[in-house]
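Taken in sequence, the protein lines are chains L and U.
Numbering-wise (this note's numbering), the first sequence opens with residue 1 and increments by one.
Numbering-wise (this note's numbering), the second sequence opens with residue 1001 and increments by one.
Calculated directly from the structure, the hints in this document are not laboratory data.
Glycine residues also receive a C-beta, built at the ideal position from the N, C-alpha and C atoms.
Among the hints, a few may not be true.
To be verified - Label pairs and their calculated CB-CB ranges:
(1) 1214(U) x 178(L): 27 to 33 Å
(2) 1181(U) x 37(L): 44 to 50 Å
(3) 1214(U) x 190(L): 23 to 29 Å
(4) 26(L) x 1199(U): 24 to 30 Å
(5) 1175(U) x 98(L): 52 to 58 Å
(6) 1210(U) x 108(L): 34 to 40 Å
(7) 1175(U) x 198(L): 46 to 52 Å
(8) 1199(U) x 49(L): 36 to 42 Å
(9) 1176(U) x 26(L): 54 to 60 Å
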Amino acid sequence: MDPDLKIAAFNNIPNQEYALFGSVLEAHLETLLHRLKGLCGQLPGNAEPFQDHYLIYSTKSPNIIPPVHVRAVRSIMSTFMPWRFQYYGSEISEASRMVTQRQIIDACCSVRLPKFLEDGLGFNMDYEYILKGFTFAKGRVRISVGRMMKTAHEVNMQVEAAEALSGSYLVEVATVVFGGSATNEENPEKEILQVAELLKPIVDLKRLDVKR
Amino acid sequence: MLRPQHPHGGAGSVSLHPNLTGGGLGTTAGSRAPQTSLVDGLDPVAENLQKIKAAISGLLQYIETQPDSLSWPTIMDRFSTISSQLANLSKIVKSERIPDMRRMDVIPFLVSAETDPGLEKTTEGRIPVMSHDKFPDYFRSKMEPEVEHRFQEAYYKVPPNNAELSQKADKQVQNLNKVVSALVESLSAAKEAWESKTAGLSKIPLTHDVNDTNALLLAMTTGKGLISPPGSSNAYPKYQPGFPGAGGQASQNR
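Excised from the complex, chain L in its bound form:
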């Protein structure tokens, strides 16, 4: 589980996530991990393996336009971890900015989330995937390097990772600012860009552009 994950209560001002995305070819994964280990130090929680199952749901009703997408996430490695509910708002940063900024709601749930979303709220599952990799934390910045896998369902209803979607590992560098506004001392955008600079040229991190 993400060591740096900060779980916020629902408040009026949503938390903001600042993030950059990229990918690294499998052949150079070791190089990247080595660099990340060097950058982030040997603190516990670094280079921690994870294997998360993502389920993406959207609203069933055609009346709600655009449809609301939410994600249900759980760890496959540890069955003691609760389900996590994630909601990402649309990108609000201007095109000239270097970093993706968007609303984020990330909360742990005590209920079995898929059942609650489908039966209780009327969501439909769109797609699912498994992200398998390693997480790092540098300061308040979380870096995850993971491979996106398609899911395979076994007879006993356990979900397992099947084939990989691509030959590359997804790299995500993100930090969350609570309450939406950064104080004067924090400059989340700068922190993200600094980390991105340190990972060059192994990974070319850029902002999320859904249009692409």
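Since the structure of chain L is provided, determine the placement of chain U on it from the hints.
Chain U alone, transformed into the frame defined by chain L:
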């Protein structure tokens, strides 16, 4: 007025012909060019000189008669006029139509103490008499003895061409050259090494693929590549309400 330049220098080579009749001055082309073509060629030069003279006298008159209304731009204007005229003159003198005046002898035909109206007219009243007193000033092809003497003095001050000294200097120059060439060599070697190193670096295959990045992000945000095409058997895996997983166990643990 022409400044005679004698090719051979030396006052002794200026020959005097007091018995010859005619004007005060005569020129003879050392290059044996016909005299008429020389005179024709000199016309534009004289014309230009007249213009320059007029410009200079105009400027002087302006300065002397209107000292109160002097303005810097006007004076600069006039100066630029004169300078362009001078440039023009030097162009004419250098042109092919003008014979090389350096190679001409200028010989005074007559030196006399009496007023020469022809000469006076030619020189616009500046030289009425071509006397023994005047003509060295106009026909001099060497510097005045006094000036020459001062030049000599200056030359004496220059350290003599000492063989030992020059050898020393040569040695130092050689040493410096050696050092500089060694430096240049080492620098270029370093540059080459650096360039080959960076060239080798750039040869390392890319560690990331833009297409892969885009595919992964699309999959994450829209499910592209994850959603099976409709109609296939395993489209939309359906989770049963009793979906086993962490959630159930977690809630049981609470």
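Status of the hints after comparison with the structure:
1. 1214(U) x 178(L): 27 to 33 Å: holds (31 Å)
2. 1181(U) x 37(L): 44 to 50 Å: holds (48 Å)
3. 1214(U) x 190(L): 23 to 29 Å: Taking Cβ atoms as reference, residue 1214(U) and residue 190(L) lie about 26 Å apart, which means the hint holds.
4. 26(L) x 1199(U): 24 to 30 Å: Distance hint for residue 26(L), residue 1199(U) holds at roughly 26 Å.
5. 1175(U) x 98(L): 52 to 58 Å: holds (55 Å)
6. 1210(U) x 108(L): 34 to 40 Å: Because 35 Å falls inside the window, the suggested range holds.
7. 1175(U) x 198(L): 46 to 52 Å: holds (49 Å)
8. 1199(U) x 49(L): 36 to 42 Å: Between residue 1199(U) and residue 49(L), where Cβ atoms are some 38 Å apart, the hint holds.
9. 1176(U) x 26(L): 54 to 60 Å: Between residue 1176(U) and residue 26(L), where Cβ atoms are some 58 Å apart, the hint holds.
Violated hints are absent here; each numbered hint is respected by the structure.
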